[in-house]
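Chemist: Sequence:
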Amino acid sequence: MNIVFMGTPEFAVPSLEALSDAGYRPQTVVTGPDRGRGRGQSMRPTAVKKAAQALEIDDILQPDSVHDASFAESLRERAPDCFVVVAFKILPPSVLSIPSKGAFNLHGSLLPAYRGAAPIHRAVMNGDAETGVTTFFLEPKVDTGDMILKKRMPIGPNETTGDVHDRMMHLGAEAVVETVQLIEQGTAPRIPQDNDAATPAPKVHAEEADIPWSASAATVHNHIRGLSPIPGAWTLHGDTRLKVYRSHRLEDEAEAAHDTTPGTVLSTNGVVHVACGSGAVSLDVIQQPGKQRLDAEAFVNGYPMSAGDVLASSATASTVA
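Under the numbering used here, the residues of the sequence shown are numbered 200 to 520, in order.
Calculated directly from the structure, the hints in this document are not laboratory data. Among these hints, one or two may not hold up.
Said to hold, decoys possible - Taking CB as the label site, the calculated pair distances span: (1) GLU383 to GLU276: 48 to 58 angstroms; (2) GLY431 to GLU373: 22 to 32 angstroms; (3) ARG389 to MET352: 22 to 32 angstroms; (4) ILE390 to SER241: 37 to 47 angstroms; (5) LYS249 to THR460: 24 to 34 angstroms; (6) THR439 to ARG224: 24 to 34 angstroms; (7) ASP258 to GLY326: 36 to 46 angstroms; (8) THR460 to ARG389: 53 to 63 angstroms; (9) SER264 to ASP451: 17 to 27 angstroms.
Said to hold, decoys possible - Straight line, CA to CA, 20 angstroms or less: simulated SDA-like cross-link-like pairs of lysine to any residue: (10) LYS288 to HIS404; (11) LYS288 to GLU338; (12) LYS350 to LEU381.
Note that beta-carbon positions come from the ideal geometry of N, C-alpha and C, so glycine has one too.
The whole structure should be built from the sequences, with the hints applied where relevant.
Modeler: Laid out in structure tokens, this is it:
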């Protein structure tokens, strides 16, 4: 088949490589423009462009806008059978209608759950024990097209969004190859989504990343790991904003946290244990501004924090002020 692969970040790379390994090497790769990165703002290619070049795929398109008529025309000239879309932009109808066998997307959830830009974040933040990937035929309305196949995977109780992301991109690659095989054989199902069962997964913004200490230990823990590594959950220690990337719940300190002001530091003896609205958590990887991330023991060895200190969310801090 004449496949056009569309993707930009690292999440899409295993799918591109798996297609090539399975004998479905795309004729064309579409990815984002090179961008200035780093202090010197040197121009760097996307992860997908670098992978395509390593696979010796010469036909690489990098449109500034997928809505330009010239982009659609360039794709028509290539007479594609199928578009494989993994972590790319929303395509307009003028582009979706081009491939003879359709266009499909890989989505990081078990649709119709978690439609939107942040399905992995939202699943981890909600404490889900399971997630997965879904391939589906693209329609103009985002994440609503008929499903082709699903693959499930567990979420460990202490896994972060980054951990799940890194496992999921390989599971997704398997789903992409299987979906292309079904499309080539003409046996790809079209399973309508139950719109009544759909749940949203909106983009996560930095302003919702402050840690809600008045919530339960389970909620606080899920919040921290769900926002790790990006944008990173944070809390205030005095005027210092600390980011927290890993944590775990403390069953043996739940009683010690009882009737304690949420956010109170319970122990800094080689650890950072903090009371929540109910129960307590251990902050395992912490970062102060301008410093590297440290495990709790290294952090307390170099940072002035004591038992009895109170960590605050932005809501708490504004109330106190």
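Chemist: Taking the hints in turn, state whether each one holds.
Modeler: Structure-based check of all given hints:
{"no.": "1", "hint": "GLU383 to GLU276: 48 to 58 angstroms", "verdict": "22 angstroms, violated"}
{"no.": "2", "hint": "GLY431 to GLU373: 22 to 32 angstroms", "verdict": "30 angstroms, holds"}
{"no.": "3", "hint": "ARG389 to MET352: 22 to 32 angstroms", "verdict": "24 angstroms, holds"}
{"no.": "4", "hint": "ILE390 to SER241: 37 to 47 angstroms", "verdict": "45 angstroms, holds"}
{"no.": "5", "hint": "LYS249 to THR460: 24 to 34 angstroms", "verdict": "50 angstroms, violated"}
{"no.": "6", "hint": "THR439 to ARG224: 24 to 34 angstroms", "verdict": "51 angstroms, violated"}
{"no.": "7", "hint": "ASP258 to GLY326: 36 to 46 angstroms", "verdict": "44 angstroms, holds"}
{"no.": "8", "hint": "THR460 to ARG389: 53 to 63 angstroms", "verdict": "55 angstroms, holds"}
{"no.": "9", "hint": "SER264 to ASP451: 17 to 27 angstroms", "verdict": "56 angstroms, violated"}
{"no.": "10", "hint": "LYS288 to HIS404", "verdict": "19 angstroms, holds"}
{"no.": "11", "hint": "LYS288 to GLU338", "verdict": "13 angstroms, holds"}
{"no.": "12", "hint": "LYS350 to LEU381", "verdict": "15 angstroms, holds"}
Violated hints for the displayed structure, listed by number in ascending order: 1, 5, 6, 9.
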